[in-house]
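Protein sequence lines correspond, in order, to chains A and B.
Per the numbering used here, the first sequence runs over residues 1 to 250.
Per the numbering used here, the second sequence runs over residues 1 to 250.
Worth flagging that the hints you see were computed from the coordinates, not collected in a lab.
Treat the hints with care, since some could be wrong.
[To be verified] Each computed DSSO-like pair below joins lysine-lysine, with the alpha-carbon atoms no more than 30 Å apart:
{"no.": "1", "chain 1": "A", "residue 1": "11", "chain 2": "B", "residue 2": "53"}
{"no.": "2", "chain 1": "A", "residue 1": "31", "chain 2": "B", "residue 2": "205"}
{"no.": "3", "chain 1": "A", "residue 1": "16", "chain 2": "A", "residue 2": "205"}
{"no.": "4", "chain 1": "B", "residue 1": "31", "chain 2": "A", "residue 2": "133"}
{"no.": "5", "chain 1": "A", "residue 1": "67", "chain 2": "A", "residue 2": "103"}
{"no.": "6", "chain 1": "A", "residue 1": "218", "chain 2": "B", "residue 2": "31"}
{"no.": "7", "chain 1": "B", "residue 1": "205", "chain 2": "A", "residue 2": "147"}
{"no.": "8", "chain 1": "A", "residue 1": "218", "chain 2": "A", "residue 2": "205"}
{"no.": "9", "chain 1": "B", "residue 1": "67", "chain 2": "B", "residue 2": "31"}
{"no.": "10", "chain 1": "B", "residue 1": "133", "chain 2": "A", "residue 2": "185"}
{"no.": "11", "chain 1": "A", "residue 1": "133", "chain 2": "A", "residue 2": "20"}
{"no.": "12", "chain 1": "B", "residue 1": "67", "chain 2": "A", "residue 2": "147"}
{"no.": "13", "chain 1": "A", "residue 1": "218", "chain 2": "A", "residue 2": "11"}
{"no.": "14", "chain 1": "A", "residue 1": "205", "chain 2": "B", "residue 2": "4"}
{"no.": "15", "chain 1": "A", "residue 1": "205", "chain 2": "B", "residue 2": "205"}
{"no.": "16", "chain 1": "B", "residue 1": "185", "chain 2": "A", "residue 2": "31"}
{"no.": "17", "chain 1": "B", "residue 1": "53", "chain 2": "A", "residue 2": "185"}
{"no.": "18", "chain 1": "B", "residue 1": "31", "chain 2": "B", "residue 2": "17"}
{"no.": "19", "chain 1": "B", "residue 1": "218", "chain 2": "A", "residue 2": "31"}
{"no.": "20", "chain 1": "B", "residue 1": "205", "chain 2": "A", "residue 2": "185"}
{"no.": "21", "chain 1": "B", "residue 1": "147", "chain 2": "A", "residue 2": "205"}
{"no.": "22", "chain 1": "B", "residue 1": "53", "chain 2": "A", "residue 2": "53"}
{"no.": "23", "chain 1": "A", "residue 1": "103", "chain 2": "A", "residue 2": "17"}
{"no.": "24", "chain 1": "B", "residue 1": "147", "chain 2": "A", "residue 2": "147"}
{"no.": "25", "chain 1": "B", "residue 1": "4", "chain 2": "A", "residue 2": "147"}
[What the hints assert, rightly or not] If you want a taste of the chain B side facing chain A, the calculated C-beta under 10 Å gives, among others:
{"no.": "26", "residue": "62"}
{"no.": "27", "residue": "63"}
{"no.": "28", "residue": "82"}
{"no.": "29", "residue": "126"}
{"no.": "30", "residue": "187"}
{"no.": "31", "residue": "226"}
Yeah, the Cβ is synthetic: ideal placement off N, Cα and C, and Gly gets one too.
Protein chains: 2
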Amino acid sequence: MLGKNTLKFIKSLQQKKFRKQENAFFVEGAKNVTELLQSDFECIYLLYTPRFKSEYPDLVRSCGGQKYETTEAVLVATGSFSSNDYALAVARIKPDAPLQVEKGELALALDEVRDPGNLGTIIRIADWYGIRKLYLSQQCADFYNPKVLNASMGSFSRVSFQYVSLEPVLSAIELPVYGAFLEGKSIHSLDIEPEGIILVGNESKGISPGLEPFVSQKVTIPSFGRAESLNVAIATAVLCDNFRRMGGLS
Amino acid sequence: MLGKNTLKFIKSLQQKKFRKQENAFFVEGAKNVTELLQSDFECIYLLYTPRFKSEYPDLVRSCGGQKYETTEAVLVATGSFSSNDYALAVARIKPDAPLQVEKGELALALDEVRDPGNLGTIIRIADWYGIRKLYLSQQCADFYNPKVLNASMGSFSRVSFQYVSLEPVLSAIELPVYGAFLEGKSIHSLDIEPEGIILVGNESKGISPGLEPFVSQKVTIPSFGRAESLNVAIATAVLCDNFRRMGGLS
Chain A
1 MLGKNTLKFI KSLQQKKFRK QENAFFVEGA KNVTELLQSD FECIYLLYTP RFKSEYPDLV
61 RSCGGQKYET TEAVLVATGS FSSNDYALAV ARIKPDAPLQ VEKGELALAL DEVRDPGNLG
121 TIIRIADWYG IRKLYLSQQC ADFYNPKVLN ASMGSFSRVS FQYVSLEPVL SAIELPVYGA
181 FLEGKSIHSL DIEPEGIILV GNESKGISPG LEPFVSQKVT IPSFGRAESL NVAIATAVLC
241 DNFRRMGGLS
Chain B
1 MLGKNTLKFI KSLQQKKFRK QENAFFVEGA KNVTELLQSD FECIYLLYTP RFKSEYPDLV
61 RSCGGQKYET TEAVLVATGS FSSNDYALAV ARIKPDAPLQ VEKGELALAL DEVRDPGNLG
121 TIIRIADWYG IRKLYLSQQC ADFYNPKVLN ASMGSFSRVS FQYVSLEPVL SAIELPVYGA
181 FLEGKSIHSL DIEPEGIILV GNESKGISPG LEPFVSQKVT IPSFGRAESL NVAIATAVLC
241 DNFRRMGGLS
């Protein structure tokens, strides 16, 4: 039976402190839970409604965690959604593994992207553009924050990430580092092989001055109107699209 | 003196019903208020803190509305922000004016973009890419919703829009209509003069089937990974970027 202590445990995972302490996180809703169950994350608990079971019987059956059939009311009381007639899954946080970006590969580095919605949206964008590795500065939002995972729309299960101090990483890397600045070379006139790191900065401050020396090419999204800037997730998408376009793979 | 009834009036404008009834709306924060004061919107009330006045003395002086110096606490109690040590301005809603998209011009049409954050972000994107006209279906979020205006980061003052039934508008227009679909011609291989309408659809349902007959070219953002879709604002930005790139204006 699904006990009070288990629900309390799950609820505590809304806070980073407890996620770290328990080495666990949760995801909610049909999209994120089905993606989690099809990934290599270790599922600890699966709470599902009859509706979820009838729509995804195989996923419920093959899940190796403790399984509980429950109600929407319990899912809403435990998770962060205001409605959820599907499921909630608790999984083990993966151990930190150093990223290695290979020659010919494109990766992202995020400097102080603090808003969880922006980080989640960028994860989804990375997955759309086939970018599988993300360096995150220590000041970025927590990858396992429910708002990040929700905004990622399941893509959290298909990217690798590492929280790092960006200075040593960018200074050591032997690939080009493209930094998004308001004054740089137009991304429309850049013509290179799409490999290296695309570095984007904080929502309001942009890229930290300390990282500028490691940027091999400043790039800019050309403006045709009068808005002062673009949101960081929007800018990331436009940059990724331009880089992939250069690769001529479409 | 700033009376209770005025504050109650302003607060009521958080609701669409009262915005329509009073033919007025408000904006908050330094960015949106300064943009409003520099636009042709008629300002009715300007509530500002000493900080705002010291940073923007000319704008306060030249504002033709009723002006009140007040505190952050009053701004927070009246508006929708959790902190606002700058200003709040109430302005007159502009009368509906039919849009006319000219030959050689690029415009946007939004079909059921219901999320205010998405609509506001799209307004900011339009302004970045020099797109000044937006057709909005009746089911879109309200342009004057505080969440829309806030997400637009001041760009609300630089676009024209009209709420319309999209069928008759798109069927009558003599310019190409480019519709964003998951199955269409890759936007990377399209090579046309950037003119006409870019049509984007609802967050989860996409473009209404009833509008498909009026789409002259279905376009798609090529995917290089495994995410199922992109957020509608992200997709709009990538499409606008590709259209402007085709124009070779950068």
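So, going through the hints one by one against the coordinates:
1. A:11 - B:53: violated (45 Å)
2. A:31 - B:205: holds (15 Å)
3. A:16 - A:205: With a Cα-Cα distance of about 25 Å, the restraint between residue 16 of chain A and residue 205 of chain A holds, given a limit of 30 Å.
4. B:31 - A:133: violated (35 Å)
5. A:67 - A:103: violated (43 Å)
6. A:218 - B:31: holds (27 Å)
7. B:205 - A:147: Distance ~22 Å between residue 205 of chain B and residue 147 of chain A Cα, so the pair holds.
8. A:218 - A:205: holds (16 Å)
9. B:67 - B:31: holds (18 Å)
10. B:133 - A:185: holds (28 Å)
11. A:133 - A:20: holds (22 Å)
12. B:67 - A:147: violated (40 Å)
13. A:218 - A:11: violated (43 Å)
14. A:205 - B:4: Not OK: residue 205 of chain A and residue 4 of chain B at ~38 Å, beyond 30 Å, violated.
15. A:205 - B:205: violated (35 Å)
16. B:185 - A:31: holds (27 Å)
17. B:53 - A:185: violated (38 Å)
18. B:31 - B:17: holds (26 Å)
19. B:218 - A:31: This hinted pair holds, its Cα atoms lying about 27 Å apart.
20. B:205 - A:185: violated (37 Å)
21. B:147 - A:205: Holds, at about 22 Å.
22. B:53 - A:53: Cα-Cα ~60 Å, so violated.
23. A:103 - A:17: Outside the cut-off at roughly 37 Å; violated.
24. B:147 - A:147: Holds. Residue 147 of chain B to residue 147 of chain A sits at ~18 Å (cutoff 30 Å).
25. B:4 - A:147: Violated - the C-alpha atoms of residue 147 of chain A and residue 4 of chain B are around 38 Å apart, more than 30 Å.
26. 62: violated (20 Å)
27. 63: violated (21 Å)
28. 82: Violated. Min distance 15 Å.
29. 126: OK, holds: residue 126 of chain B within 10 Å of chain A, min 7 Å.
30. 187: Given a least distance of 8 Å, the restraint on residue 187 of chain B holds.
31. 226: holds (6 Å)
Consistency with the previously given hints fails for numbers 1, 4, 5, 12, 13, 14, 15, 17, 20, 22, 23, 25, 26, 27, 28, ordered from lowest to highest.
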